[in-house]
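Here is how the chains run, residue by residue.
Protein chains: 2
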Amino acid sequence: MTKHRPLILVANDDGITAPGIIALVSVMKEFGDVVVVAPDKPQSGMGHAITINSTLRIYKSNFHNVLDEYSCSGTPVDCVKIAVNKILKRKPDLCVSGINHGSNMSINIIYSGTMSAAVEGAIEGIPSIGFSLCNHSIDADFTASKNIVRKITANVLNNGLPHGVCLNVNIPPLGESEIKGIRICRQARANWIEELDERNDPSGNKYYWLTGKFVNFEEGNTETDAWALDNNYVSVVPVQFDLTAHHAIDFLKSKNYE
Amino acid sequence: MTKHRPLILVANDDGITAPGIIALVSVMKEFGDVVVVAPDKPQSGMGHAITINSTLRIYKSNFHNVLDEYSCSGTPVDCVKIAVNKILKRKPDLCVSGINHGSNMSINIIYSGTMSAAVEGAIEGIPSIGFSLCNHSIDADFTASKNIVRKITANVLNNGLPHGVCLNVNIPPLGESEIKGIRICRQARANWIEELDERNDPSGNKYYWLTGKFVNFEEGNTETDAWALDNNYVSVVPVQFDLTAHHAIDFLKSKNYE
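Line by line, the protein sequences are chains A and B. In our numbering, each residue carries its 1-based index in the first sequence increased by 17. In our numbering, each residue carries its 1-based index in the second sequence increased by 17.
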């Protein structure tokens, strides 16, 4: 480990003034010099989107009272890219994203702007963590979350992470005394059963809200993040960006594609 | 295999009138009944974004002369979700996306709207394939691509795919006689070295274009999609949506998080 004070990049997907990022920044200040680059508006559900068909703007901000701070017109991934390549003088020692207002466990990770910022940090070779509190409310209480964030951040700064791996941390919406501990897990096999909520606009034309019901296909499996959260544990899932289904290569090779 | 004529869902990210989707639809008509649900405007770089903070609209269209056809105001993933849950009467036998104007090999898959539609198809339990031609031009020649699409589609319809796996197919920008064949590969470790192209607007305020240079960290590795394409082969990579870095679980368990 280098002896300098860590340089920490903070991003999120709920926007630069969200209560979740305020809580995250307040903990990061204990660990190092903080630079915040976060969206200028909510960007939930943006997945790993980047802005390539339009332009990006950044605006100097002074909301968090940190080393440096910008709001960005783009997605969470854009925030990390512009921070690393334009704003920061050196590669940060840590990239954290969140604290998201709402769960990013199981299949939700693939739609998550919060986690895409952490994954982009990992792609850039930075130890990275995404934090989410399983409570969508803007008034969610982040008190217990801050202690979890503190513990996990200290561990990552001390022990590092394997190359190409970041962490997906989900915190149950409970008081500190009710949280049973931290579990290292894998992503549960689960999915959304979508319900397209159909409505009519004032002119009588149909429009839809995307909504749905979460269904866990591995109910009761103690290795999964869904089980950990259902049982009042914090879930920590190591996440990679190699999407190759290595186990399927032999199957395909046996089917005469080549 | 069931004996009915296959029902095939076609999506893309370049928009419902792009030459790439016209080429794809023309081949799919040979295999079954085709339903097209595609974005009403280009959605490149949208990754696995979904629309949750605003509404979705679909518009009946009659451009491709198929069984049913809609343009959608949302992202490629929205198109698949609304097709499966609102438009289609039964689960399709195949979901194809593309043909993308431009490469989606290696790390590009994570930013790709084309591939996110195929991955969403796989999440829904549908055999799914994303096709990309490594040529960004709107005037790209899809003649050779159509034969590749035909061959791979026939194989998937005959042999199926492992559960939770879709295919990422990239086609080199060559004439048919120059393409050496098809290779089953894994995603190459590679990344973009970003260059934020800084410009001034007419009022003198800065803005940025996200651009960059692709760097392959595994130059010469014959198992990778990057090698296949560099050597005039079509690359076929099996892709999964379980993002858990299973190999990192033991590392984390040894570091006293729990």
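The set of hints was computed from the structure by calculation and includes no laboratory data. Accuracy of the hints is not assured; some may be wrong.
Copies of the same chain look alike in the list, so a pair counts if it fits in one copy or across any two.
Each computed EDC-like pair below joins lysine to aspartate or glutamate, with the alpha-carbon atoms no more than 20 Å apart [stated by the list, open to error]:
no., residue 1, residue 2
1, LYS230, GLU47
2, LYS58, GLU235
3, LYS223, ASP158
4, LYS77, GLU215
5, LYS103, ASP57
6, LYS58, ASP156
Hint by hint, here is what the structure shows:
1. LYS230 x GLU47: For LYS230 and GLU47, the Cα distance exceeds 20 Å both inside one copy (39 Å) and across copies (36 Å).
2. LYS58 x GLU235: Answer is neither: 35 Å inside a copy and 38 Å across each miss the 20 Å cutoff.
3. LYS223 x ASP158: Classified as neither: same-chain Cα gap 37 Å, cross-chain 38 Å, threshold 20 Å.
4. LYS77 x GLU215: Classified as between; 16 Å across copies, 40 Å inside a copy.
5. LYS103 x ASP57: within (17 Å within a copy, 33 Å between copies)
6. LYS58 x ASP156: Classified as within; 18 Å inside a copy, 37 Å across copies.
Hint compliance for this structure: hints 1, 2 and 3 are broken, all remaining hints hold.
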